[in-house]
Amino acid sequence: LSVSPSDLTAVLPELVLVAVGCVLVLLDAFAPSLRPRFAPLTVLAVAAAAVLRWVTPLSGAVWSASLTVDAMARFVDTYVLLAVLFAAGMADPYLVRTRARLGEFHALLLWAAVGAMVMAKADHFLLVFLGLELLSICLYALNAFHRDNNLSLEAGWKYLVVGAFASALLLFGIALVYGATGTFSLSGLTEAPIGRQAPNDVLLAAGIALLLAGLGFKLALVPFHPWAPDVYQGSPTPVTAFLSVAPKGVALVVLARLVAFAAPEALSSGWTVLLAAIAVASMTLGNLVAIAQREIKRMLAYSGIAHMGYALVGVVAFGMDGLTGVLIYLAAYTFMNVAAFTVVSAFSEREDEPHLLTDLAGQGWDRPVLSFVLALALLSLAGIPPTVGFVGKFLVFRAAVNQGMVWLAVVGVLNSLVSVFYYVRVIYYLYMKPLPKRVPAFSEPWPARLVAVVCAVAIVVLGVLPGWLMSAAEAAARTLAR
Amino acid sequence: MEGSLLSLLIFTPGATALVLLLLVPREAERAHRWVSLLASLATLGLALAAWSRFDAADPSFQLVETRTWLPQLGIAYRLGMDGIALVLVLLTALLQPLVFISSWSSITSKVKGYVVSMLLLETGVLGAFLATDLFLFYVFWELMLVPMYFIIGVWGGERRIYAAVKFVLFTLAGSLLMLVGILYLGYLAHAQTGAWSFAFDDMRRLAIPMGEGFWHSPQLLLFAAFALAFSVKVPVFPLHTWLPDAHVEAPTGGSVILAGILLKLGTFGLLRFNRTLFPQAWERATPLFLTLAVIAIIYGALVSWAQKDIKKLVAYSSVSHMGFIILGMFAGTVASTQGALLQMVNHGLSTGALFMLVGMIYDRRHTRLIEDYGGLAKVMPLYTGAFLLATLSSIGLPGLNGFVGEFLILTGAFAATPTAVILGATGIVLGAIYMLSLVERVFWNELRHDENRNLADMSAREVLAFAPLAVFMVWIGVSPGTFLGLSEAAVRALVGG
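Each protein sequence line maps, in turn, to chains A and B. Going by my numbering, the first residue of the first sequence is number 1, and it counts up by one from there. Going by my numbering, the first residue of the second sequence is number 483, and it counts up by one from there.
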């Protein structure tokens with residue numbers, strides 16, 4: 001394997017993150033007094049990685065064509081880095097409060113990001129797998145970061161078992177696809193001799209089905225979703241925020257790649273129907289079950305299942321419209337979910353107690369800024385304009401309508417209606433429920449507030465002026481759509 | 483400045499709301515009240531400025547503004563005003579400051595939230611009247627939802643939560659399908675012209691196929707999607723069940739805005755979008771809507787008659803009155819449509835006034851039951867006069883505004899649908915019965931309750947809130963031409979006559 005300079009510059013952001021992660025772990029062991037500096041260092045590293053990604057040229061295929069650094073990779077990297085930035089920002093005060101300010105936390109977060117970034121730009125099935133494993137293993141540890149808390153341990157354990165299962169499915173799928181096509185390259189699937197020999201087609205179909213299942217677990221799509229509520233509930237809230245956006249985003253991009261490269265020959269209309277059915281099932285089940293939840297993190301978990309269903313509508317529709325919609329949906333989802341979890345984390349008294357809806361009663365008038373952010377995030381999740389959540393929904397439903405799948409858009413909007421019920425209920429608790437006076441045990445320090453406010457501003461600004469985001473997403477979508 | 487008058491008009495309340503929200507602490511209640519009142523007065527001034535620049539002879543959109551927004555999708559920031567929109571914008575701009583005046587002392591908690599919600603709501607309403615891009619229209623349309631949810635849910639009566647959630651779900655159930663309709667229109671525009679566009683003027687030129695049957699007819703399905711959204715808002719029988727809850731539970735200001743303006747968005751939408759974009763489907767749906775209108779007129783009147791609560795009575799009377807407006811619109815002549823439009827304004831004035839007056843007496847006695855009153859004319863002569871004027875306006879006494887509207891609707895529609903007119907006319911009789919018997923039971927008779935002996939008459943502030951409405955009730959009644967002239971060209975262009 002010969003490494004050219006362009007290969008190295010292409011992965012500079014990842015190298016920075018890996019290196020800083022290692023430094024943090026060492027500092028944690030040898031200079032624990034520096035722990036308060038870890039969060040700023042993490043933020044700096046992430047910012048540096050983001051800047052590097054935007055200043056280094058898009059080199060296309062690098063590392064013997066196993067990685068593709070294109071507009072799509074840049075979009076997804078920015079997305080992942082943003083998620084890490086937010087998670088790190090809200091995590092530090094949280095870790096202080098829960099007496100768990102350890103260096104590993106930030107290092108694991110950075111390495112998880114590297115895994116996600118590799119996965120997003122991998123054009124080689126085994127690299128997809130490696131990226132996924134790096135991401136997942138870091139997350140297992142992060143989920144169970146509160147070692148003394150049973151819920152946190154349960155979350156880590158559950159994510160580990162389900163994650164290992166998903167990885168196995170994915171790996172088996174990769175093996176079958178390789179057997180059918182003789183290539184490990186995703187983009188190579190377009191040239192693979194598919195549809196000529198009958199046994200290969202069966203192998204390929206089985207392989208793609210397994211890949212789909214593996215990614216479905218990561219996306220928490222129905223019927224691969226049951227882990228989500230427990231893991232969301234038990235994980236430390238900043239980890240939940242990261243977990244709910246970064247892995248889902250990259251898994252969706254891998255799925256889009258798979259559809260793009262395997263679609264013309266192998267993904268017949270039957271596959272479209274299958275994907276559409278998964279989308280409908282995820283939206284419907286997620287939204288209906290979310291209504292019954294009394295715990296906010298669980299509610300957001302089910303809402304997340306539904307949201308990946310909406311995003312999948314964009315993948316089903318595909319084309320420029322659909323892909324742009326998916327990417328914007330992901331960006332929107334990051335801001336609104338992170339905003340919601342930041343506020344939930346700020347409002348929770350203790351981590352080992354459930355985050356009940358009723359605990360929010362009357363907070364709207366007592367802690368106006370954070371409550372307002374939460375309300376805004378929920379309205380955005382509900383898809384009410386002028387928020388970025390509405391723009392995302394508008395685009396994916398538009399793609400479905402333009403592809404002649406009006407029924408899918410109708411199912412989508414009816415689901416939005418159902419979802420409004422439980423989102424609005426939270427707002428009811430915040431502002432309309434007279435509170436049993438409860439003095440907050442602590443006041444949330446500025447980093448968490450900053451994260452919340454930045455997300456809120458992004459929700460509104462990108463909702464009113466989505467032009468810049470649209471252009472970026474279109475440039476990214478152009479790499480896959482024909 | 484000249485080129486962005488409509489933007490200024492729409493965003494003056496919204497921008498003020500943002501400034502209040504972000505910069506003014508909530509303890510500064512006086513500042514919130516004054517600033518919001520001044521902002522709404524400034525909006526009224528801008529609406530009058532728009533009126534002065536408006537050419538009533540021209541049926542097309544005027545004071546047009548176009549700015550690029552999302553060119554890839556054919557979405558632009560497009561505003562324009564025709565005569566129909568002008569009339570409703572003026573009504574909105576007039577009612578808003580009166581609402582602030584009337585709730586000056588009745589809203590005492592969370593003043594900041596109240597005025598911010600109200601101002602955001604006004605921006606949504608004005609934007610929906612003036613948007614000429616379907617995407618932009620939808621954004622403004624939904625923008626109204628959340629402030630109203632808060633107004634009902636936070637400052638409302640006992641069952642406010644139920645009412646607020648019902649309002650949100652009913653409204654959204656209709657409008658989300660309209661969103662799919664808008665998307666489909668965009669798709670059709672691209673298929674027929676090769677360019678993406680959500681501009682109303684481009685949509686108007688589309689040939690939307692009628693197809694066979696209902697489920698295979700794009701035009702009928704689109705008509706249904708839009709009509710559902712607007713019918714919920716109007717509300718058309720049998721989609722009206724959210725209305726009594728929302729109107730009764732909302733605080734006085736919320737009820738005035740709901741009845742006075744938000745309901746008009748439904749009828750406005752039917753006229754602007756359904757009538758223009760789906761003419762054949764409109765024809766096909768006419769018998770259905772005429773039937774529902776007649777049912778609403780009679781049913782609403784009968785239910786009003788049976789109410790024991792003054793506010794509920796007024797709320798159900800809205801169902802009946804909105805039925806008249808639907809009747810006039812679907813009868814489809816120039817006179818009946820003009821009448822329907824005028825009646826939208828009339829209903830805004832008279833029902834707005836009635837809700838305001840009910841609120842005043844509720845503030846004093848904290849009951850709205852008819853049986854708790856009686857003989858009020860002896861202690862509150864001024865209030866009695868005001869209530870009587872609003873009642874007479876509402877039931878269509880000649881010389882007041884309601885008469886002109888109802889007369890135009892019924893005469894205009896008679897040639898087209900005599901049966902509907904004859905049945906609908908009974909609603910006027912019923913209206914007179916229930917409203918006058920309300921007046922009798924509340925104001926005449928004996929002063930039975932001792933609590934009522936020392937009720938204070940209308941204060942100067944309350945008179946100030948009511949007087950402009952009274953002026954317009956008489957003005958429109960005496961000289962309807964001033965107002966009918968504004969919309970005539972637009973209505974003629976719409977109806978074709």
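In short, the hints are calculated from the structure, not lab data. Wrong hints could be hidden among the right ones.
With a Cα cut of at most 25 Å, we get these calculated DSS-like pairs of lysine-lysine [said to hold, decoys possible]:
hint : chain 1 : residue 1 : chain 2 : residue 2
1    : B       : Lys-790   : B       : Lys-648
2    : A       : Lys-433   : B       : Lys-648
3    : B       : Lys-790   : B       : Lys-860
4    : B       : Lys-860   : A       : Lys-433
Hint by hint, here is what the structure shows:
no.	hint	verdict
1	B/Lys-790 - B/Lys-648	23 Å, holds
2	A/Lys-433 - B/Lys-648	17 Å, holds
3	B/Lys-790 - B/Lys-860	22 Å, holds
4	B/Lys-860 - A/Lys-433	41 Å, violated
Consistency note: the structure conflicts with earlier hint 4 alone.
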